[in-house]
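This is what each chain is made of:
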Amino acid sequence: MKFVYAAFSLILWTAASQASEYKVEKQIGRGNLGQISQLAVSPDDTLLVLDNNGKVSRFKADGSAAGSFESGMVNTTALAVSDDGLIYVFSTLSETKKVKSGARMREIQIPVGVEYSVFDAAGNKQLTRKLDQLKSAKTAKIVNGSLVVADLSAKTLVFHDLKTGKETARVKKGLRLCCGIFDFCAAPDHTVAVSNLGAFKVQRFNMDGELVMEFGKRGRELNDFQGCCNPVSTAYLPDGCILTVEKDPTRIKVYDANGENAKQIDGVEELVKGCSFIPSATDSQGNIYLAANTKGYVVKCSK
Amino acid sequence: MFKISFSLAAGLILLSGCAHHRAEPRTLKIAVNEIYCTETACACVHDVASRSYDPFLNQLAETGIQLEFTYFIEPYQLEEALLSGQYDGVLSKPWLALRLQESAGADFERVADLLDPGNNGWLSGIVIVPADSAIQSLEELTGKRVVIGEAESYEKHQAALRLFETRKIKPTGIETRASCGENIGELLDGHADAAVISDYALSADCAVDFANPEDFRTLEHTEKIPLTSLMINRNKVSGRQVQQLKKSLLTLSGNPADEALLSKGFIAPVPWNPPELKETP
Numbered sequence: 001m002k003f004v005y006a007a008f009s010l011i012l013w014t015a016a017s018q019a020s021e022y023k024v025e026k027q028i029g030r031g032n033l034g035q036i037s038q039l040a041v042s043p044d045d046t047l048l049v050l051d052n053n054g055k056v057s058r059f060k061a062d063g064s065a066a067g068s069f070e071s072g073m074v075n076t077t078a079l080a081v082s083d084d085g086l087i088y089v090f091s092t093l094s095e096t097k098k099v100k101s102g103a104r105m106r107e108i109q110i111p112v113g114v115e116y117s118v119f120d121a122a123g124n125k126q127l128t129r130k131l132d133q134l135k136s137a138k139t140a141k142i143v144n145g146s147l148v149v150a151d152l153s154a155k156t157l158v159f160h161d162l163k164t165g166k167e168t169a170r171v172k173k174g175l176r177l178c179c180g181i182f183d184f185c186a187a188p189d190h191t192v193a194v195s196n197l198g199a200f201k202v203q204r205f206n207m208d209g210e211l212v213m214e215f216g217k218r219g220r221e222l223n224d225f226q227g228c229c230n231p232v233s234t235a236y237l238p239d240g241c242i243l244t245v246e247k248d249p250t251r252i253k254v255y256d257a258n259g260e261n262a263k264q265i266d267g268v269e270e271l272v273k274g275c276s277f278i279p280s281a282t283d284s285q286g287n288i289y290l291a292a293n294t295k296g297y298v299v300k301c302s303k
Numbered sequence: 001m002f003k004i005s006f007s008l009a010a011g012l013i014l015l016s017g018c019a020h021h022r023a024e025p026r027t028l029k030i031a032v033n034e035i036y037c038t039e040t041a042c043a044c045v046h047d048v049a050s051r052s053y054d055p056f057l058n059q060l061a062e063t064g065i066q067l068e069f070t071y072f073i074e075p076y077q078l079e080e081a082l083l084s085g086q087y088d089g090v091l092s093k094p095w096l097a098l099r100l101q102e103s104a105g106a107d108f109e110r111v112a113d114l115l116d117p118g119n120n121g122w123l124s125g126i127v128i129v130p131a132d133s134a135i136q137s138l139e140e141l142t143g144k145r146v147v148i149g150e151a152e153s154y155e156k157h158q159a160a161l162r163l164f165e166t167r168k169i170k171p172t173g174i175e176t177r178a179s180c181g182e183n184i185g186e187l188l189d190g191h192a193d194a195a196v197i198s199d200y201a202l203s204a205d206c207a208v209d210f211a212n213p214e215d216f217r218t219l220e221h222t223e224k225i226p227l228t229s230l231m232i233n234r235n236k237v238s239g240r241q242v243q244q245l246k247k248s249l250l251t252l253s254g255n256p257a258d259e260a261l262l263s264k265g266f267i268a269p270v271p272w273n274p275p276e277l278k279e280t281p
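Quick mapping for you: the protein sequence lines, in order, are chains A and B. Quick note: the first sequence, position 52, residue 52 per the working numbering, numbers continuous. Quick note: the second sequence, position 241, residue 241 per the working numbering, numbers continuous.
Don't take every hint at face value.
[What the hints assert, rightly or not] 16 Å max Cα-Cα, derived EDC-like pairs, lysine to aspartate or glutamate:
1) K60(A) x E25(A)
2) K173(A) x D189(B)
3) K217(A) x D215(B)
4) K253(A) x D224(A)
5) K155(A) x D209(B)
6) K247(B) x E62(B)
7) K273(A) x E74(B)
8) K253(A) x D239(A)
9) K172(A) x D209(B)
10) K217(A) x E175(B)
11) K173(A) x D215(B)
12) K172(A) x D189(B)
13) K273(A) x E150(B)
14) K217(A) x E186(B)
15) K217(A) x D189(B)
16) K173(A) x E165(B)
Just so you know, the hints here were simulated from the structure itself, not pulled from any lab data.
Produce the entire structure from the sequences given, and follow the hints as far as they go.
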């Protein structure tokens, strides 16, 4: 009898340890958003959603709309927000090139540069600048006075001085990127954490581009990552825990600060089909935002 | 006499009814995880993994064979599906299913093998080193660090271990990783001197996005095993239906097969009897 009770307790404990406290709360922006490129959260916890066509939409934490503005830019691929609430919108510039595909000629877009504009919270443009050393911008963050940009074309994470735009460091070695996905987030102690999906790892780098921490491998356990390449996105929560996002099948997990003891958030729908990016963001209250980027809405998870 | 005959006839009718109900489902449910299928391959290799089964399944249906495919991009989910007992068969690397058949209560028969876009039906592991490595032969791996696949990947685990044993190669350490990309990463990062990966990994796996074939040199191939097989659970499907399926698959294959299959399609299964099946089914 004791054995049965112990076994039952063990089962309950195991189940509890694997179930996150988070629950899926609501969908945000359905019907008002297009192809979502990126999410960001302002210092006042306003959710910012960047469409690929240049539109920036703002939502309060309760999911209600708080306005939007048109950046006037095209192919907008990355979004960052500074500590003082300025919004940085990045456009990947491209050229059309004709290539032979079998017996046919088809046109493809080749990334050739990055331009960004800075807006205040009302959408008034402050400045526009080109980052000549970059070919594309897939993700961008402002961390401790540095502008960090993920250049997928060069498969390189590039650190810049925010004021001058001058490059200060870069990370290329060890990045195993695939499927056109290259995401990272701001992490504690002035670091960034890259979703190194081809390596099935989350890797943290300091502002000098040095690796300071990593976790993850492919496998069947909850602490592991699955699929052909994962995670596609990562975000830090206010308590230092780490959110990871896996696509196809969609798995949203929260690890402790050491990248261990993962707990899965149950009830999150299949956000994307196939090998696609799922932008994510967190706010100061620990709310989690996940973009179903082709469906045109954001899923909010909260405790 | 009449009573005996009547009872016998009734019994036979009952038995045949039971057998029909147990062994001949109208539509065979097939779990699919296949390297070149668009539904199960990563988007980064969709230029080569563009296989679609729908037209071929429609052709099969015209011969009286109904197959219902359920696609699993994640092999671990395919395994769970097989263990659930909800499927009549599986289309995948054969080892994925054969290793599970005892725990799944299944008896998988390889009905046909599927050819890849190059009309190749074989799979092997390749032992690779960086192109500029000083290591020139397999024998030089004794005393070196080698990373291989995990136990569910026969070509880069069991076959690799057997290759080393046969050739009396004794690496200092053999570590395992669950993906070819990770094995290649260990090599690129200098954590291993050699890696064993699947022979398609540099052309039809996520590794194509971050590893150039020219950056590696192949020292050796592991033994050849079947690449992809359609396997039917004989505990659920009758021999008659299996034979009918096999006949239809082979009739619709060859030259030309439906172009969406990207190859000549299915062939009769090549013999393969992995010794591990007797030890660890």
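Hints, verified against the model:
1. Under the criterion of a C-alpha separation no larger than 16 Å, the hint pairing K60(A) with E25(A) is consistent with the structure, at around 14 Å.
2. Distance hint between K173(A) and D189(B) is fulfilled; the C-alpha atoms sit about 8 Å from each other, no more than 16 Å.
3. Straight-line distance between C-alpha atoms of K217(A) and D215(B) comes to about 23 Å, which puts the hinted pair past the 16 Å bound.
4. Between K253(A) and D224(A) the CA atoms are separated by roughly 10 Å; this keeps the pair inside 16 Å, and the hint holds.
5. A hinted pair counts as satisfied when its Cα atoms are at most 16 Å apart, and K155(A) with D209(B) qualifies at roughly 10 Å.
6. Taking the CA atoms of K247(B) and E62(B), the gap is about 13 Å. The hint holds against a cut of 16 Å.
7. Distance check on the hinted pair: K273(A) and E74(B) sit about 13 Å apart at the alpha-carbon level, within 16 Å; holds.
8. In summary, the hint linking K253(A) to D239(A) is supported, as the alpha carbons are separated by about 15 Å, within the 16 Å threshold.
9. With a C-alpha separation of about 14 Å, the suggested pairing of K172(A) with D209(B) holds against the 16 Å cut-off.
10. Simply put, K217(A) and E175(B) have alpha-carbon atoms about 13 Å apart, close enough for the 16 Å limit, and the pair holds.
11. Between K173(A) and D215(B) the alpha-carbon distance is near 15 Å, which keeps this suggested pair within the 16 Å criterion.
12. Taken as a hint, the K172(A) and D189(B) pair is honoured in the structure, with Cα atoms around 12 Å apart against an allowance of 16 Å.
13. About 27 Å separates the Cα atoms of K273(A) and E150(B), which puts this hinted pair outside 16 Å; it is violated.
14. Distance restraint check for K217(A) and E186(B): the Cα-Cα separation of roughly 12 Å lies within the 16 Å cut-off, and the hinted pair is therefore satisfied.
15. Of the pairs offered as hints, the one joining K217(A) and D189(B) holds, with about 15 Å between alpha carbons and a cut-off of 16 Å not exceeded.
16. Between K173(A) and E165(B) the CA atoms are separated by roughly 34 Å; this puts the pair beyond 16 Å, and the hint is violated.
Hints 3, 13, 16, counting from the list given before, are not met by this structure.
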